[in-house]
Amino acid sequence: MTKQFRGSYTVTITPFTSNGKRVDFKAWKKFLNWQIACQVPGIIILGTTGEFLTISDDERHEFVEATVKHCSGKMDVLVGTMNAYTPKAVAYSMEAEKLGADGLMIIPPYYYTPTEDEIFNYYKAICEKVSVPIMLYNNPFTSNVDMSAKFVGRLTRAFDQVRYIKEASQAAGRVYDMVEETRGVMNVFAGQRIVESYLEGAVGYVNPYGNYIPRASRAICDYIAQGHWDDAKKIQRLITKMQVIINEGHPTYGHQCYSKALAAAAGHPVGDVRPPLTTFKELGREGTGRVKKLVPIMKDLDALVDRIDARIAKSKKVQFAAAAE
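Just so you know, the working numbering puts 330 at position 313 of the sequence shown, and the rest follows in order with no gaps.
It should be emphasised that the hints constitute simulated quantities derived from the structure, not laboratory data. The reader is advised that the hints may include incorrect statements.
[To be verified] Below, simulated DMTMM-like cross-link-like pairs (lysine to aspartate or glutamate); rule was C-alpha separation at most 20 angstroms, straight line:
| no. | residue 1 | residue 2 |
| --- | --- | --- |
| 1 | K309 | E299 |
| 2 | K250 | D323 |
| 3 | K251 | D323 |
Given the sequences, and given the hints that come with them, work out the whole structure.
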């Protein structure tokens with residue numbers, strides 16, 4: 018595989034019309050253009066934030082096809098193709114590859130709490146049918162399965178497609194363990210603890226924040242890659258502040274609801290969530306009150322990125338002038 022994923026990837030919302038009955042493709046194209054303009058290197062559609070469990074098979078096909086077509090040559094598109102039923106996950110994966118997806122993100126079978134051998138056979142069935150890169154998704158909070166570094170190493174040795182993982186367990190040292198266990202073969206994307214994960218060997222960051230602060234979420238990875246760790250920490254502190262406010266209101270699945278509300282606040286209305294999730298409208302004053310706290314932080318992040326970018330550009334200009342003398 019020659020494709021290489023690096024940096025901040027937005028795990029996106031799925032936009033719906035006002036009644037929630039259809040995917041809003043007009044709003045989606047505008048949203049994608051915003052991500053592209055902010056130089057986000059890639060997106061992951063139909064993940065948890067994208068409410069994949071509420072999407073019909075027909076909606077999935079049309080949504081993947083439209084997204085890949087719109088983003089071709091501009092931004093990587095990975096597709097969430099997980100399902101608790103292995104043949105369904107295989108079918109979704111084959112469909113995404115056929116439609117031109119750059120890669121797949123696949124969580125282990127959820128609900129059943131499968132054994133390691135059962136999880137292995139699940140990924141084996143998928144890898145036997147597709148050749149695009151696969152990003153494992155380790156999130157024990159939603160799948161009830163925690164894939165150990167040793168087991169991830171087993172998967173990387175068995176399947177050439179398995180070279181990426183979104184590590185969201187929040188276990189201390191897990192990123193380092195996965196890099197070491199796979200001898201650097203596994204490319205780890207942080208799900209939380211951005212700066213700390215990069216220090217342990219992560220190469221990217223999969224996050225819902227790009228739905229409303231795409232420029233800042235992209236910049237934090239860029240600054241780390243350039244060695245500007247203190248600048249990255251400043252952004253992480255503000256993102257953590259936002260996360261605390263959101264989690265206080267809805268600790269488990271708040272990112273779906275608030276990601277959509279905050280995208281709208283940023284000028285990109287994308288509808289509300291589908292049931293059984295609590296809609297932003299149903300949150301009432303609590304929701305609007307939290308958004309009022311979050312929007313100023315979004316503005317602070319934009320201003321911070323402006324200042325950092327200006328300082329870095331000025332420094333490069335001075336260095337170039339000195340080298341030319």
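Structure-based check of each hint:
1. K309 <-> E299: holds (17 angstroms)
2. K250 <-> D323: holds (16 angstroms)
3. K251 <-> D323: Holds, at roughly 13 angstroms.
Hint check: no violations occur; every hint is consistent with the structure.
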